[in-house]
Every structure is written in structure tokens, then in C-alpha cells.
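Take a look at the letters that make up each chain.
Protein chains: 2
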Amino acid sequence: MLRSPLFHTDPELSHTCAYLSESSGGLTLTPDRMNSDHNAVYIKTNLFDPIKYGLDASFRLTNFTELKGCGCKVPRDQLLKLLENLNEAPADRGNSHQNGQHNGAKQRGTNGEKSAYDSSLSAIGVGLDSCLIPLRHKGLYLVQTTDFFYPLVDDPYLMGKITCANVLSDIYAMGVTDCDNLLMILATSQKFTPKERDIIMPLIIQGFKDCAAEAGTSVNGGQTVINPWVTIGGTASAVVRSEDVIMPEDAEIGDVLVLTKPLGTQIAVNAHQWLTTNPERAEKVRAIVPDESIRQAYRRAMYSMTRLNRNAARLMHQFSAHAATDVTGFGLFGHAENLVRNQHNSVNFVIHNLPIIANMAVVSRTFPGFGLLQGNSAESSGGLLVCLPRDRAAGYIEELRRLDGTPAWIIGTVEEGDRRVVWSEKMRVIEVPSGDEDLTAFCGI
Amino acid sequence: MLRSPLFHTDPELSHTCAYLSESSGGLTLTPDRMNSDHNAVYIKTNLFDPIKYGLDASFRLTNFTELKGCGCKVPRDQLLKLLENLNEAPADRGNSHQNGQHNGAKQRGTNGEKSAYDSSLSAIGVGLDSCLIPLRHKGLYLVQTTDFFYPLVDDPYLMGKITCANVLSDIYAMGVTDCDNLLMILATSQKFTPKERDIIMPLIIQGFKDCAAEAGTSVNGGQTVINPWVTIGGTASAVVRSEDVIMPEDAEIGDVLVLTKPLGTQIAVNAHQWLTTNPERAEKVRAIVPDESIRQAYRRAMYSMTRLNRNAARLMHQFSAHAATDVTGFGLFGHAENLVRNQHNSVNFVIHNLPIIANMAVVSRTFPGFGLLQGNSAESSGGLLVCLPRDRAAGYIEELRRLDGTPAWIIGTVEEGDRRVVWSEKMRVIEVPSGDEDLTAFCGI
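As given, the protein sequences belong to chains A and B, one line each in that order.
Under the working numbering, the final residue of the first sequence carries the number 447; numbering is consecutive throughout.
Under the working numbering, the final residue of the second sequence carries the number 447; numbering is consecutive throughout.
Some clues are possibly wrong.
Copies of one chain are not kept apart here, so a pair can be met inside one copy or by any two copies together.
[To be verified] In silico DSS-like cross-links for lysine-lysine, where the CA-CA straight-line distance does not exceed 25 Å:
#1 193 to 428
#2 54 to 197
#3 83 to 54
#4 70 to 193
#5 70 to 46
#6 197 to 83
#7 83 to 193
#8 83 to 70
In short, the hints are calculated from the structure, not lab data.
This one's a predicted model, so the numbers in the text were calculated from it and none came from an experiment.
Required output: the full structure, derived from the provided sequences and hints.
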């Protein structure tokens with residue numbers, strides 16, 4: 003796989019990072035690590051400045067929506083109600099489960115059938131992260147997901163990257179590491195001036211496209227419309243064999259749960275926006291943490307959200323993962339619940355630790371509506387929650403750090419139970435450093 | 003293929019239509035014709051009545067957007083500008099053309115390469131209706147499209163059907179008749195009351211799902227968010243062999259152009275809305291045609307938009323079609339232009355006839371902004387524009403009428419040229435009847 007240049011807007015950065023990676027201590031960096039480095043450098047040095055593009059200094063991409071990122075999802079209980087008539091057994095494809103729950107919950111027991119096409123995997127609908135459809139071509143499956151949302155960071159280029167990483171994450175959660183095609187879903191805002199539109203939308207598209215290239219895939223289609231709010235998303239598809247997929251259903255008693263990105267992205271992007279747009283809330287935030295800490299958390303969140311879960315998915319195979327999901331709009335608790343309900347074995351997921359971007363736990367105590375400490379706060383382009391044999395978890399975390407340069411955490415255990423998520427009474431918050439020195443560490447400076 | 007019941011809201015209709023089809027003159031009706039019948043009966047007898055559902059009598063789905071159907075597309079020239087940086091040659095998949103034009107124009111000559119995977123078809127990006135990606139699995143291709151828009155009719159169930167028919171149409175235009183999976187794209191409006199949301203969204207979903215069943219496929223995923231405007235759409239995917247695809251590139255001098263649905267849907271749905279929401283425009287319309295004619299045109303448009311282009315695609319194989327596209331947001335002229343630019347041969351498409359839903363041509367003379375007579379008016383879920391050998395066109399039209407019960411028209415010819423669309427100076431408008439007796443004819447009463 004060749005790598006394409008990443009920063010058309012600032013070609014010098016490529017050289018900088020190539021140099022940095024050569025001097026970063028003899029590790030054999032993968033292209034993905036290289037891209038992580040690029041993202042960290044970009045966030046530190048090159049964030050979008052509206053004035054540089056001839057736009058008004060007050061221009062903020064996040065002002066072109068009222069809901070942010072995966073926080074725009076219809077709440078889970080309402081969604082299940084809306085989609086309930088999609089739960090009927092399909093009439094003409096006995097092998098395919100049309101539960102249509104759009105990442106909603108799916109009870110174990112509805113997907114136990116074998117395919118009429120003599121496939122070794124059972125079809126699944128949308129109860130979890132991607133659907134899996136046995137194809138007419140023997141031994142092959144279509145794995146597919148779609149996701150779209152609204153801007154949650156002000157840098158349009160990074161917003162494109164975050165969107166693409168978020169879409170791909172759903173197939174990575176199934177252990178599928180190679181995407182065959184991306185379609186892009188776009189809406190430009192009615193409220194953009196023509197100039198804003200012509201500057202912002204191409205940057206978003208470029209970010210999406212560069213992230214696709216990082217993931218070894220490409221964008222070959224899409225739809226662009228006009229909408230009140232800027233909308234961005236995509237569809238990821240892969241045609242795979244059964245051995246390419248890790249079905250999210252084989253958690254065993256004694257396994258541990260690993261999370262590959264910190265929580266708190268939603269509160270970080272909101273708190274950052276309040277600093278300039280909501281004096282009342284800004285004052286409350288400032289009473290707890292200094293502005294610079296919020297900005298650091300925002301940068302750390304951006305870094306985290308642009309990072310692909312692809313290495314996390316590759317390592318799922320290497321370290322014999324039993325099941326996984328990605329943590330997005332329904333929060334850690336919601337996605338853990340979807341996953342545990344889908345298990346063959348009678349297990350519970352017991353959560354002991356919450357790795358949270360530094361200072362966001364304390365901010366969330368002042369703004370309990372996010373539900374961060376209850377696992378209910380939406381995450382955008384969050385990490386994988388991976389169920390691993392106890393003796394493989396340390397190796398998985400170590401190798402992921404080597405490849406991506408970032409930490410992962412054991413946050414819980416798989417115990418005998420009745421397919422529920424148990425929130426430990428002695429929940430420990432792990433403060434995940436967000437200082438510039440930490441971003442620096444990622445890019446090996 | 004088994005058929006699923008179509009009208010969960012009114013099960014008696016199934017019996018009615020089954021009876022009707024048995025008495026309809028000895029034709030061996032296909033399931034598709036059966037579905038056409040259902041749609042016609044539904045439109046005549048069972049249109050959405052907000053009062054019946056306990057909603058306010060003034061409730062109109064089309065009030066939950068400011069742009070209608072495929073009329074929400076970003077204009078073609080602006081879109082090409084926005085997407086121009088997706089036109090670069092791909093860096094890491096030499097076989098795949100990332101022109102990313104989202105149904106925009108693509109110049110011939112950018113897709114002449116053969117696949118690195120030893121495939122017999124060249125990859126195409128999104129210059130035309132669907133993208134086509136050679137897969138890692140020899141001899142197989144992923145054909146894929148995504149499309150979403152806003153409500154353009156007031157009946158939520160039919161709106162779901164129209165959306166699904168519109169999405170599938172893009173793969174039918176490539177001659178692909180079997181869809182392997184649909185994903186659904188949904189946004190519920192911020193402005194809905196909870197009651198409106200819980201009544202309207204499930205009806206839309208049901209319509210989408212029933213149309214998928216009519217097409218022999220199913221819905222296995224999607225995303226649902228909150229947005230100012232109701233948004234509906236989907237992604238259609240098929241994994242196919244080369245013989246399943248008719249590449250849109252082999253028009254020959256001497257061919258004729260057949261259109262399988264009448265034009266004028268956009269002006270019909272707008273004029274219908276003006277009758278109740280825009281007194282000034284309503285008055286202008288009433289000066290030309292009576293209200294009932296507008297309502298008839300609206301019903302005819304709904305009937306047309308809910309009809310699948312699947313039989314039209316099947317017959318493309320049987321009658322040796324050389325190329326096709328579907329007519330949607332860029333209007334007849336725009337899509338014809340995209341298609342002619344993609345031809346191997348140096349040809350022009352010369353358009354002589356415009357089949358238009360009755361009375362819409364005269365209304366469009368008072369509202370020239372739609373550009374209907376110039377072929378610029380957006381169509382939603384429009385017909386296929388099929389390029390056929392001259393001696394096969396009559397057979398194609400006749401067989402399509404037998405299967406779908408509806409007319410198609412030879413609207414132009416393929417002549418020597420430089421890949422332009424030529425608009426005949428003696429353009430003839432064909433008034434396509436829209437009276438209730440015509441809908442009745444479709445369903446064989």
C-alpha cells in the first residue's frame with residue numbers, strides 16, 4: 003500500500019513528520035503511526051484559522067449545528083420505539099435479520115440461524131455496529147455500516163478526518179480491517195455564505211479523503227445536499243470471508259474488557275465551545291479548571307477522535323479477541339449493554355475503571371446532565387471496547403501502544419451473569435493526561 | 003421470492019388487489035406489477051389523513067423541509083467545484099477512480115484502465131449513478147450508491163416507498179437488478195411533537211421497508227439522527243459479476259433513447275403544495291388549470307415515483323441496452339449530459355420528445371424557473387433513460403408495459419457528435435394522462 007500525501011494545504015508538514023519519525027527511537031513505525039504523528043503535529047501547529055482563509059474571525063464550524071457529533075442520535079429508547087416494526091422476521095430472506103435497530107440493542111437469540119447460502123456465519127442486522135449479509139457468492143459476506151452527524155470541532159479538515167474514522171470504526175469493531183469502499187454523505191449549510199461554503203466543504207472532504215487513504219481505502223461515491231445544519235458522514239463496506247470477521251458474541255467468563263480511547267470527548271468539545279459562546283457556562287467551567295486545561299482537553303479529544311481504530315481491530319485477531327464494539331453515541335454504558343446482550347454465554351460486563359480525558363471528570367460533576375460518570379455521555383469516534391482472554395490483554399495493550407503510540411486500559415471484567423452491564427460501586431476514574439507534552443509524546447518529538 | 007404483505011395499516015387492500023389482478027385479462031402478472039397495482043389503489047383510496055391518526059388537520063409532512071426531494075441537491079456547477087479535489091488520481095488503488103463527483107459529470111477517458119485484480123470491468127467512481135469497485139475476490143464487483151433527501155409528498159408511507167425506489171434506481175441504471183442490502187438514512191425533525199414523530203417516522207420506515215421487499219431485498223442497518231428537516235434516504239449495495247452490469251458507455255450511432263417515466267414530478271408536488279400554503283401562487287396556477295387537475299398530476303407523480311425501475315433494468319439485458327442512467331436531481335438534461343460524456347463513441351444525444359405529466363408543461367410556462375421544458379427541472383425517483391438499438395426499442399417498451407402496466411417513450415436518437423446533448427428546436431411535449439381513469443388502468447380495475 004502506497005501512502006498519499008496527507009496535508010495538501012501545508013506540504014511542509016509531511017517533511018517535518020517524516021524527519022520526526024526517523025528520529026523517534028528506532029521503532030519500526032507503521033504507516034498508521036505515521037498518520038497519528040501527522041495528526042498530533044497538525045493539532046499542535048496548524049489548526050484552522052478563519053482569518054487565514056479570508057473568513058470572519060468569529061467563524062466557527064460548530065455554530066452551524068445545534069447538536070454535536072454523535073450527540074445528535076435519537077435517544078435509544080425513542081429509537082427502539084420508532085424502529086420496532088423493523089423487528090419482524092423477514093418475509094423473503096429467511097437468513098437475514100431485519101431488526102433495523104440502527105445500532106440499538108438486540109436481544110441474543112434472534113440471530114442464531116444459519117444462512118441458506120451455506121455460510122458459516124449467521125447474518126446479523128443492525129443490532130450492533132455493522133450489518134453482516136451472506137452473499138450469493140459462496141463463502142463471502144457484505145459487512146456494512148452508515149453513520150453521519152454534525153460538526154463537533156471547529157477545524158473542518160479534522161472534522162472530515164473524525165467523520166471518516168468514526169464511520170470506519172463500526173467495521174473495525176467487527177474485526178474487519180480492510181474497507182473496500184467508502185461513500186460520503188454531505189450537506190452544506192443553507193446559512194453558509196458562498197465563500198464559507200467554498201472554503202469549508204472542500205476542507206472537510208479533504209480530511210475525509212485523507213483519513214480514507216490512511217485506512218488504505220478510498221471514497222468512490224456519495225450524495226451532497228443543502229440542509230440547515232452542516233452534515234457529514236459516510237458508508238463503509240467490505241466484502242469478506244468468515245475468517246476476517248470476529249463476531250461480537252463469544253465473551254467468556256474470566257475475560258477482561260479493554261478500552262482503546264479515553265472517554266469525555268463530548269464534554270471536552272462542549273466546554274471548549276462555551277468558552278467563546280456561553281458566558282454563563284464558561285464562568286462555571288472557569289471556577290473549576292483554567293481555560294488552557296479546557297483547550298488541552300479539546301486538543302486531546304481531537305487527537306483521539308481522528309485516530310483510526312484499525313490497529314485496534316488488527317490486534318483483535320492477533321490476541322484472540324472474543325467480541326468488541328465501538329463506543330459512540332450511546333456512551334460506554336449503552337454500547338457495553340448492546341454488546342453484552344448479544345453474547346452466547348450468560349455473562350455480565352462489570353466496569354471498574356473509567357479512563358477520562360484529564361479534567362473532564364471534574365467538569366462533568368458540575369454538568370451532570372452529560373452522564374459521563376454513568377457511562378451515558380455520547381462519544382464521537384470513540385475507542386473499541388474489546389473483550390479479551392485475561393492472559394492476552396496486556397500484550398494487546400502493549401502492542402497497540404507500539405503501533406499507535408497511545409494507551410489503552412483494562413476497564414472491566416466478564417463475569418457470570420444475565421447479560422447486564424454492572425457499574426462498579428467503587429468506580430475509579432483514570433485521568434488521561436492531555437497536556438501538550440502528551441500530544442508531543444504521541445508524535446515522538 | 004416470497005412476497006410480504008404490503009399494507010400493514012390496511013390488510014384488506016391486499017385481498018382487493020389480489021382479486022383485481024386475477025381479473026385483469028389473463029396477463030401473467032409479475033410481483034412487480036402486483037405492487038404497482040397496490041400503489042395505484044393506495045393512492046386512490048388510502049392517502050394519509052392526519053385526523054385519522056389523531057394529528058392536527060393542518061399537519062403536512064412537506065412543511066418539515068424547505069427543499070423538496072431531489073430538488074435539495076447542490077447545483078451541479080457548485081458541486082463540481084466543491085468536489086474537484088476528489089478528482090485526483092488515487093494514490094494507493096490504481097484501479098479505482100476516485101472522482102467523487104457524487105453523480106456529477108465525468109469526462110470520458112478517465113476510466114479506461116483495467117483492474118489490477120484482473121477484472122474484466124474498469125472501476126468507476128461516482129461520475130454516474132453508482133460506483134463500481136473491483137473486489138479482492140476474483141470476478142466480483144461492489145456496485146453501490148447512496149441518496150437522501152427531504153419529503154416531497156405528504157403521505158409518509160408513500161414517502162418511504164419513493165425514497166427506497168429512488169435509492170435503488172441508481173443500481174438499476176447500471177443493469178444491476180438484485181440489491182444485496184439496503185441501509186436506511188433517517189432524520190426526525192426537531193420540530194415534530196413527540197406524537198407526530200412516533201406516528202410519522204414508523205410510517206416512513208414501513209414504506210421504505212415494503213418497497214425493499216417489493217424489490218426482493220431488505221433493510222439491514224442505518225442511522226437515525228435529529229435534524230431541523232425530516233431527512234430520508236439510503237444506501238443500496240450489490241456484489242455482482244461482470245455479466246450482471248451494463249456499463250453506461252456503449253451508445254452507438256443509430257441507437258434510440260427511451261425514457262421509462264414521465265417528467266414533471268417536481269412541479270406537480272410544488273403546485274400541489276401551493277394550493278394549500280401559497281395563495282399567490284395558487285391563484286396563478288388556478289388561472290391555468292383547475293385544482294383537480296393539479297391533484298391528479300400530484301397523484302400521477304406519486305404513482306410514478308413509487309414505481310421501481312427494476313423491470314426497466316431487467317429488460318435492459320433482454321433488449322441489449324447499450325447504456326442507461328436514471329433521471330433525478332439534475333433533470334433530464336443534466337443526467338443525459340452526464341451519460342453522453344461517458345460514452346466510448348463520439349456521439350450526441352438528440353432529444354426530440356418530452357413526455358410530461360398532463361398539465362405540468364402549461365403550468366411550467368407560468369413558472370419557468372423550474373426549467374422543465376429545458377430539461378433542468380429536478381425529478382425525484384424518475385425513470386431510466388435507456389440507450390437501445392433502434393430495432394429493439396419497441397419491444398422494450400411493449401414488454402415494460404406488460405410488466406409494469408405503464409408507458410415508456412422514445413424521446414431521442416444517438417447521432418454522430420462530440421458527446422453533447424442536443425435539444426431539438428422542434429421539441430414535442432407528450433401530455434401523459436393523469437386522470438383517475440389512468441391510475442385505474444394501471445391497477446387493472
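Each hint tested on the structure:
no., hint, in the structure
1, 193 to 428, "neither (48 Å within a copy, 42 Å between copies)"
2, 54 to 197, "within (13 Å within a copy, 47 Å between copies)"
3, 83 to 54, "between (47 Å within a copy, 21 Å between copies)"
4, 70 to 193, "both (17 Å within a copy, 18 Å between copies)"
5, 70 to 46, "within (23 Å within a copy, 43 Å between copies)"
6, 197 to 83, "between (42 Å within a copy, 12 Å between copies)"
7, 83 to 193, "between (33 Å within a copy, 19 Å between copies)"
8, 83 to 70, "within (23 Å within a copy, 27 Å between copies)"
Hint compliance for this structure: hint 1 is the single one not met.
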